[in-house]
Amino acid sequence: MATLELDSVTKTFQDGDEEIVAVDDISMSIDDGEFLVVVGPSGCGKSTTLRMIAGLETITSGTIALGDRVINDVKSQDRDIAMVFQSYALYPHMSVKQNMSFGLEESTDLPDDEISRMVTETGELLDIGELLGRKPKDLSGGQQQRVALGRAIVRDPEVFLMDEPLSNLDAKLRAEMRTELQRLQNDLGVTTVYVTHDQTEAMTMGDRIAILDGGELQQIAEPLKCYHEPANQFVASFLGEPSMNFFDVTRDGDRLVGDVFEYPVGDDVRANLGETTDLVLGIRPEAIELVEGESDAHEFEMTVDVVEPMGDENTVYLHFDPDADPESAETLVATIDGFTRVSEGDTVTARIPEDAIHLFDRVTGEALHNRSMEDAADQVNLT
Amino acid sequence: MSDGELRTDGSGATANSRWNLDGVTVEDAALYVVLALAAAFYLVPIESGLVTSFKTGTAIVETAPFAPPGASGFTFEKWQTATDALLRGMGNSLLYAVPATIISALIGSITAYGLTIPNWKASYKALVLALIIAGIFIPYQAVLVPLTQFWSQWVQLSDLLSFVWALGIDDDYVGIVELVVTHVAYGIPICTLLFRTYYKTMSDEMMESARLDGASLRRVYRRIVLPLSGPMFAVVLIYQFTQIWNDLLFTLVIVSTESSPAAPVVLILAGLGTSMEGQDFALRMAGAFFAALPTLAVYILFGDEFAEGVAA
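Sequences listed follow chains B and E, in order. For the first sequence, this note's numbering gives the first residue as 199, with consecutive numbering after it. For the second sequence, this note's numbering gives the first residue as 56, with consecutive numbering after it.
Cut-off 27 Å, straight-line C-alpha distance, at most; resulting in silico cross-link-like pairs (DSSO-like, lysine-lysine):
1) B:333 - E:255
2) B:335 - E:255
3) B:333 - B:370
4) B:273 - E:255
DEER-style ranges, computed between Cβ atoms:
5) B:291 - E:199: 40 to 48 Å
6) B:212 - E:87: 54 to 62 Å
7) B:366 - E:282: 23 to 31 Å
8) B:212 - E:89: 50 to 58 Å
9) E:210 - B:319: 54 to 62 Å
10) B:270 - E:362: 40 to 48 Å
11) B:291 - E:96: 40 to 48 Å
12) E:95 - B:291: 38 to 46 Å
13) B:322 - E:282: 22 to 30 Å
14) E:304 - B:212: 42 to 50 Å
15) E:283 - B:538: 55 to 63 Å
16) B:214 - E:194: 33 to 41 Å
17) B:561 - E:282: 55 to 63 Å
18) B:306 - E:259: 21 to 29 Å
Hints were generated in silico from the structure; no laboratory data involved. All of these numbers come straight from a predicted model, not from anything done at the bench. Note that the Cβ used here is the ideal one computed from N, Cα and C, for glycine as well.
Please model the entire structure based on the sequences and the hints provided.
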């Protein structure tokens with residue numbers, strides 16, 4: 199067990215004369231036993247980061263340390279790191295048992311009967327005890343996934359690295375494995391770095407999540423903090439489904455002026471904005487309420503364009519101007535209770551609560567004002 | 056619809072049960088005719104050779120080459136003579152063909168592994184690979200003179216192995232050792248290329264996984280790559296064995312005389328059935344078939360793996 203420390207880690211690839219920066223100056227520290235989820239769109243450098251930790255890619259600059267030991271120049275096989283690959287990467291000519299024994303045979307001097315005992319034990323833990331004699335090609339995708347996990351677990355390494363391990367499973371199995379993986383990691387207490395592009399996995403599994411974009415670390419924090427207090431507009435748009443609504447607004451005194459609406463803000467919000475006037479207003483779809491009548495400056499009369507019933511909730515696409523071209527008009531997406539009856543063409547009043555808005559610097563994307571996590575939590579308690 | 060109506064007809068049903076020609080179009084029929092002709096075209100020479108090898112001298116003159124000998128013209132005599140003449144050469148051929156095949160396949164496999172998997176700089180790998188591929192295209196004829204010079208002037212293997220001849224083995228057998236080395240050297244390029252193509256298709260993640268499991272490069276080869284190379288070994292073994300077994304040029308240059316105790320089968324076969332009185336066709340055919348038996352055996356032995364390897 200150990201902490202994993204990345205200090206200004208950078209990776210560049212040479213493509214002809216061009217230098218491509220895959221990972222740009224990433225620093226983060228993963229605590230002993232922590233489950234860190236690294237998430238981002240494809241090509242953001244998350245897999246490269248993981249492969250550098252594994253020793254499968256060289257590090258252009260910066261250091262990676264495991265405990266007190268800098269492991270930049272330590273070979274993969276000497277790092278005491280186990281990795282679970284997206285393709286499972288099982289050895290096709292070996293039985294499940296041989297697959298799981300391989301690592302122990304290669305990296306330790308344990309006697310055969312001890313290895314056999316450990317493999318059987320891990321097999322039981324993962325519920326693949328009866329499959330130990332089979333070859334990988336005779337297993338289902340979910341079972342292969344378990345073998346790949348077992349192969350990593352049985353070695354009891356310092357660090358687990360997981361590269362989108364669940365993405366080849368069907369939706370139901372993925373949800374099950376998500377819970378099971380979390381439970382296993384909790385029981386084993388092994389430091390884990392988990393790479394995914396799936397924001398559900400990111401939100402639900404990690405102690406903390408690290409969000410990457412364009413090779414740069416955008417934010418590293420607890421999942422709910424990233425969700426409610428995003429560091430910038432990218433994080434705000436990446437987390438949440440449907441994603442946050444954004445409107446370009448310009449501050450004019452105590453009002454935010456958009457193309458089709460004006461939104462007054464109070465002193466405490468304005469205090470966070472400083473001198474910046476070019477802003478982006480952000481509001482989560484679930485923060486929007488449909489109310490009766492227009493009685494407040496934060497309420498807007500809007501036209502329903504499309505309703506997507508999801509069962510437990512409806513996703514509603516709203517327009518400010520009933521006559522506007524639906525293709526180009528600014529749309530506000532709201533998620534509302536599944537029992538609320540709205541249909542296309544209806545005129546409704548949408549309330550954008552001031553305590554739920556986010557404001558970003560339009561030039562840098564940096565968050566200037568976020569809803570506070572405490573406020574968000576209070577609201578949940580009340581309802 | 057019309058098909059269904061036809062089947063209600065009693066006579067139609069009987070005809071269908073005997074000759075199910077309903078679905079056969081003109082194109083299908085033409086295809087089968089062409090296939091049958093092509094098969095005959097390829098098989099006739101082999102069939103002719105085989106029947107000829109069982110004919111007496113008069114039967115050869117009296118019957119067409121592809122016709123069976125008939126009861127009076129049938130004899131095992133030529134096979135007997137061919138076996139007697141060639142058996143000695145068979146042993147000599149196996150003595151260099153088997154080691155040369157195995158060694159070149161193993162070296163090719165290891166070289167290909169080195170060129171495919173480890174984290175060498177791509178530009179270095181490309182250079183080595185270019186050299187190896189160039190090796191495939193050097194014609195045998197171009198190296199005959201340097202090859203003779205190499206073995207006669209630069210590396211006098213006969214002197215180096217004097218302790219072997221002291222044991223009572225004929226020193227002509229130096230030719231066998233020279234043939235092994237020559238064929239291994241000549242086989243490495245094509246073996247490497249074949250294995251490299253195969254290893255390219257192996258999962259990178261699997262190799263990386265093995266490295267992370269604590270296996271060194273050597274161990275990854277030994278425990279992952281080599282056990283998975285079976286099908287490609289079948290291809291390379293069959294190909295190399297056939298090449299080496301059938302090669303006449305190097306044996307002519309290195310061993311040269313069929314009277315030598317170390318003469319390989321191809322060398323004896325070249326002179327078999329030829330004399331001042333003319334060609335003994337039956338003997339030549341019997342000899343050719345007998346000499347081809349080992350290659351046939353290799354094909355049958357590794358046939359399944361061969362098919363798998365070619366598909367991969």
